[in-house]
Amino acid sequence: MQSCELTHQQRDRFLAGELTSADRRTVLEHLVGGCADCRAHFAGHLSPGRRRAASGAGYEETSERVSDSLAKLIELRDRIEVERRAAADLFERFRAYPPKRQWTLIRNSRRVDTAEFFRLVVEAGYQAIYDEPRRTLELAEMARTIAERLDTASYSAALCADLRSRAWRHIGNARRALANLAGAAKALEAARGELELGTGDPLEEAEQLYFESSLLRAERRLDEALRRVRRARRLYSILGETHLAGHMDLAEASILQVMGRDAEALERLRRAIRKIDPERDSRLALAVRHNLAWALQAAGQVEEALAALAELRPRYFELGDRLTLLRLRWLEAQIYRQQGRGDEAETALREAMEGFAAAETPYEVADVALELALLLGERGETAQVRALAAETLQIFRSLGVEREAIAAWLLFQQAIEAEAVTAALVESLSRYYQAAKHQPGLRFELGA
Amino acid sequence: MSIAEQGRGSGDVSALLGRLEPELSGVLVRFRIPAQDCEDLLQDCLLALLVQRDQVASPAPWLLATVRNRCRMYWRARRRRLLEAVDSHLLEELAGSVEATDRQTHLSHDLGCAISALPGHCRSILRLRYGLDRDSPEIAERLGYSPNSMRQVTSRCLVALSRKLVDVGFGPSSPIPPLEDACNPAS
Numbered sequence: 001m002q003s004c005e006l007t008h009q010q011r012d013r014f015l016a017g018e019l020t021s022a023d024r025r026t027v028l029e030h031l032v033g034g035c036a037d038c039r040a041h042f043a044g045h046l047s048p049g050r051r052r053a054a055s056g057a058g059y060e061e062t063s064e065r066v067s068d069s070l071a072k073l074i075e076l077r078d079r080i081e082v083e084r085r086a087a088a089d090l091f092e093r094f095r096a097y098p099p100k101r102q103w104t105l106i107r108n109s110r111r112v113d114t115a116e117f118f119r120l121v122v123e124a125g126y127q128a129i130y131d132e133p134r135r136t137l138e139l140a141e142m143a144r145t146i147a148e149r150l151d152t153a154s155y156s157a158a159l160c161a162d163l164r165s166r167a168w169r170h171i172g173n174a175r176r177a178l179a180n181l182a183g184a185a186k187a188l189e190a191a192r193g194e195l196e197l198g199t200g201d202p203l204e205e206a207e208q209l210y211f212e213s214s215l216l217r218a219e220r221r222l223d224e225a226l227r228r229v230r231r232a233r234r235l236y237s238i239l240g241e242t243h244l245a246g247h248m249d250l251a252e253a254s255i256l257q258v259m260g261r262d263a264e265a266l267e268r269l270r271r272a273i274r275k276i277d278p279e280r281d282s283r284l285a286l287a288v289r290h291n292l293a294w295a296l297q298a299a300g301q302v303e304e305a306l307a308a309l310a311e312l313r314p315r316y317f318e319l320g321d322r323l324t325l326l327r328l329r330w331l332e333a334q335i336y337r338q339q340g341r342g343d344e345a346e347t348a349l350r351e352a353m354e355g356f357a358a359a360e361t362p363y364e365v366a367d368v369a370l371e372l373a374l375l376l377g378e379r380g381e382t383a384q385v386r387a388l389a390a391e392t393l394q395i396f397r398s399l400g401v402e403r404e405a406i407a408a409w410l411l412f413q414q415a416i417e418a419e420a421v422t423a424a425l426v427e428s429l430s431r432y433y434q435a436a437k438h439q440p441g442l443r444f445e446l447g448a
Numbered sequence: 001m002s003i004a005e006q007g008r009g010s011g012d013v014s015a016l017l018g019r020l021e022p023e024l025s026g027v028l029v030r031f032r033i034p035a036q037d038c039e040d041l042l043q044d045c046l047l048a049l050l051v052q053r054d055q056v057a058s059p060a061p062w063l064l065a066t067v068r069n070r071c072r073m074y075w076r077a078r079r080r081r082l083l084e085a086v087d088s089h090l091l092e093e094l095a096g097s098v099e100a101t102d103r104q105t106h107l108s109h110d111l112g113c114a115i116s117a118l119p120g121h122c123r124s125i126l127r128l129r130y131g132l133d134r135d136s137p138e139i140a141e142r143l144g145y146s147p148n149s150m151r152q153v154t155s156r157c158l159v160a161l162s163r164k165l166v167d168v169g170f171g172p173s174s175p176i177p178p179l180e181d182a183c184n185p186a187s
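Here the protein sequences line up with chains A and B, keeping their order.
Each step along the first sequence adds one to the number in the numbering used here, with nothing skipped, and position 194 is 194.
Each step along the second sequence adds one to the number in the numbering used here, with nothing skipped, and position 80 is 80.
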């Protein structure tokens with residue numbers, strides 16, 4: 001057989017789509033026509049395989065190229081350091097501006113077009129997700145504006161793809177927190193697409209898996225959610241990111257609790273506490289301990305729950321935001337109920353319910369109201385249960401809650417009138433409102 | 001000092017990378033990355049490390065994992081380009097005038113043989129794609145695939161087809177056997 005007339009360059013240009021139609025035909029005919037050189041070259045692309053040993057032919061040349069890369073590092077490092085300092089100064093000023101002025105800066109100034117400034121904007125958005133998911137979304141959109149403009153000559157096309165992916169991912173997570181699940185899915189898909197063009201950074205992949213898991217949990221696709229979060233945790237563990245692996249333990253525990261696998265959830269929470277670093281994220285450290293105290297009292301281990309809460313109480317007040325303190329009150333109500341302290345439980349539940357209503361979180365209102373209704377029902381206080389149900393319906397209407405959620409509450413009211421409220425009905429409604437929080441328009445089905 | 005601990009607490013990325021140099025070279029060689037592409041590939045990973053140095057708890061395992069991922073992505077991208085080149089060229093060659101040229105007839109024949117050797121679902125997809133010039137959404141609807149899974153299945157079938165084309169090696173200069181024997185390897 002004749003030796004191949006094609007050069008490596010021609011074959012590479014074929015792969016890059018840079019040949020004319022006639023030249024492409026020539027290469028393809030070589031390929032199909034049995035040219036051994038072309039077949040070997042292109043077969044290598046279909047199944048490159050790996051060498052067993054990192055030695056032999058090519059090692060020396062590769063090693064030289066690696067040394068050359070490392071030699072260029074110093075220049076890169078100095079440039080990045082200068083950018084980092086400038087970005088930190090600029091971000092201090094940016095943070096103090098009102099949102100409108102922040103947008104003006106983002107749109108008009110090229111001083112914000114650095115990887116470090118981008119990172120600070122994304123991070124600030126992520127911190128806001130507990131209390132202000134709309135603000136998280138806005139900051140993530142600002143970050144995306146920056147990412148789209150970053151200079152690939154300064155940062156490489158692959159790194160820019162990673163940063164675009166991160167922006168989309170945070171947009172997706174914020175949309176999920178705002179119960180826009182379809183919008184979240186689209187954004188996370190865009191993030192996944194950009195990741196395919198990125199540097200291969202495993203931390204970006206792990207975060208993508210975590211956010212996908214959160215969305216799947218909101219969609220109640222719990223087995224898939226569990227698989228994603230476990231993959232994320234494995235990645236973090238391999239990378240020595242113990243704190244983040246602990247975060248995944250907490251996320252896994254939340255999924256297991258929704259699945260009713262409480263004993264496993266408890267075990268994950270204990271593991272998470274050992275890994276999460278309070279210095280690195282005090283809110284996360286509080287969340288995991290709060291969830292543990294909640295799981296302990298739900299499992300009837302009231303003394304342990306009380307001990308955990310006693311140690312934890314000062315941290316709620318250190319954080320001090322409204323929703324955190326309301327969750328503390330709700331947890332206290334649970335423990336009082338377990339201890340048979342009905343009056344104190346009632347007071348705590350009423351305070352929590354008022355607080356959640358003022359904070360405009362209707363699904364928490366529903367959950368607390370159901371517990372209060374059960375407590376009052378156990379004490380035979382039917383008139384109070386009716387009044388509570390009517391009050392809750394009014395809150396729903398004033399907060400513009402979805403029609404299906406109101407319909408579910410009307411069913412509950414009918415059951416009250418018929419004196420047919422059971423623990424099973426309350427449990428079913430509670431599960432419904434927890435799911436409906438993330439899926440507006442979800443219909444209530446008895447027994448689901 | 002374990003791999004995970006290397007670089008932790010150290011402000012000097014250069015010293016870390018000096019220690020990792022043999023391992024990094026080893027990864028690139030094991031993944032068969034051509035020497036001329038190693039530098040760009042590694043620069044991407046190093047730049048990412050420098051940009052987020054403060055967020056990476058353990059730079060050594062991070063860098064090794066990133067370079068390995070990048071190597072896998074390198075081959076995935078090359079394979080995707082090969083498949084796209086084969087696919088678009090086949091579509092171009094087989095479209096066009098009502099009266100097929102000799103070249104088109106030969107290519108059609110070779111393609112038909114290669115497709116015949118593929119699994120059933122691939123035969124269906126590729127015959128619709130090249131024989132009847134159907135696009136992906138039409139094929140998906142006809143065969144009952146979702147749009148997302150259509151993309152993946154088509155890609156796998158194109159890989160299989162490309163392997164067959166590379167392996168079979170019929171060419172325009174080969175005489176065309178009778179149709180019933182065309183795809184019998186024994187003939």
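By construction, these hints were calculated from the structure, which means they are not laboratory data.
Here the structure is a predicted model, which means the values were calculated and not measured.
Glycine residues also receive a C-beta, built at the ideal position from the N, C-alpha and C atoms.
Hints are supplied without guarantee of correctness; some may be wrong.
[Stated by the list, open to error] Some chain B residues close to chain A (C-beta under 8 Å, calculated; not the full set): (1) 13; (2) 43; (3) 44; (4) 78; (5) 81; (6) 144.
(request) Starting from the hint list further up, note which numbers the structure goes against and sort them upward. (result) 6
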